[in-house]
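Visitor: Single-letter residue listing:
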Amino acid sequence: MITATHYLLLSVGLFSLGVIGVLTRRNIIIILMSIELMLNAVNINLVAFSHELQNVVGQAFAVFVIVIAAAEAAVGLGIILAFYRNKETVNIDEMNLLRW
Amino acid sequence: MAEAAAFYILAALILGFGVLVVTAKSAVHSVLFLVADFLCVAALYVTLQAEFLAVIQVMVYAGGIVVLYLFVVMLVNLKRPPDAQRDPRRLGRLGAVLAVAVMVELAAILAVGWSRPEGEAGALGPSNVAQVGRALYTDYLIPFELASILLLVAMIGAILLARREM
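Taken in sequence, the protein lines are chains A and B. Per our numbering, residue 9 is the first one in the first sequence, and the count goes up by one each step. Per our numbering, residue 1166 is the first one in the second sequence, and the count goes up by one each step.
Note that these hints are calculated values from the structure, not bench results. Beta carbons: idealized from backbone N, C-alpha and C, even for Gly. It is possible that part of the hints are untrue.
[Said to hold, decoys possible] For each label pair, taking beta carbons as the anchor points, the in silico distance ranges come out as:
1) A:R93 x B:D1304: 16 to 26 Å
2) B:K1190 x A:Q62: 41 to 51 Å
3) A:L105 x B:Y1173: 44 to 54 Å
4) B:K1190 x A:K95: 21 to 31 Å
[What the hints assert, rightly or not] Stretch by stretch, here's where chain B covers chain A in the computed footprint (C-beta under 8 Å, at least three residues):
5) 44-56
6) 68-76
[What the hints assert, rightly or not] Covered stretches of chain A, as calculated for chain B (at least 3 residues, CB under 8 Å):
7) 23-29
8) 81-87
9) 90-104
Throw the hints in and build the complete structure from the sequences for me.
Guide: Here it is, written out as structure tokens:
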């Protein structure tokens, strides 16, 4: 029998994979993709509880999470393109203009 | 037990593709694994009776966002990939340790704090698209409109940022 705990464990695993990607990769595009993985983990949580509680609100919130993800991808990739045009790099180690 | 088998297969696929997304050498491969991951998550939504979200997942994520990523990966044609040379100041191993710590923390919260939440149990029909729509347009109308404004602002911002001459 698959309970909500199983879905939560899957969600924890996927979220942790996203954290690993954000903390260890240096290509900022891959970092953004890892953030998408984390948002997906949150969505799995919401939908699993929607199913568990037989309540539709979880799905409504998952729709909002997808909206945020789309907006984040559009703006984030726009920033990456603008940065690449100026500095010819997508390495976050070289993105230190705002650092002291 | 078909439900359990479907869950375990999908979970294995989701986590496996997630690992590949994070570890793939080439960014293009990473994007392609991301598509596969999103499609598996959509299949998981179907098993959870969230058909509307499954369709949205395929259309918005696998169809829209990932194509955007692919375009940027192709546009940003790198002569030297960021992960080619090591930066001595970067603490990649510490990052991995921290990520594992986050996972342990989340698992601990799950193990200790898990109790069946009390919520008003409604009836989720076999096809609940109408219910989702009703929730979005009645109880969550203002967040819905705010989300549309957010998308508009993001669209304008992306166009402004990606424009060649500022």
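Visitor: Decide, hint by hint, whether the structure agrees.
Guide: Taking the hints in turn, this is what the structure says about them:
no. : hint                         : verdict
1   : A:R93 x B:D1304: 16 to 26 Å  : violated (44 Å)
2   : B:K1190 x A:Q62: 41 to 51 Å  : holds (44 Å)
3   : A:L105 x B:Y1173: 44 to 54 Å : holds (47 Å)
4   : B:K1190 x A:K95: 21 to 31 Å  : holds (23 Å)
5   : 44-56                        : holds (count 7)
6   : 68-76                        : holds (count 7)
7   : 23-29                        : holds (count 7)
8   : 81-87                        : holds (count 6)
9   : 90-104                       : holds (count 8)
When the structure is compared with the earlier hints, a violation turns up for hint 1 alone.
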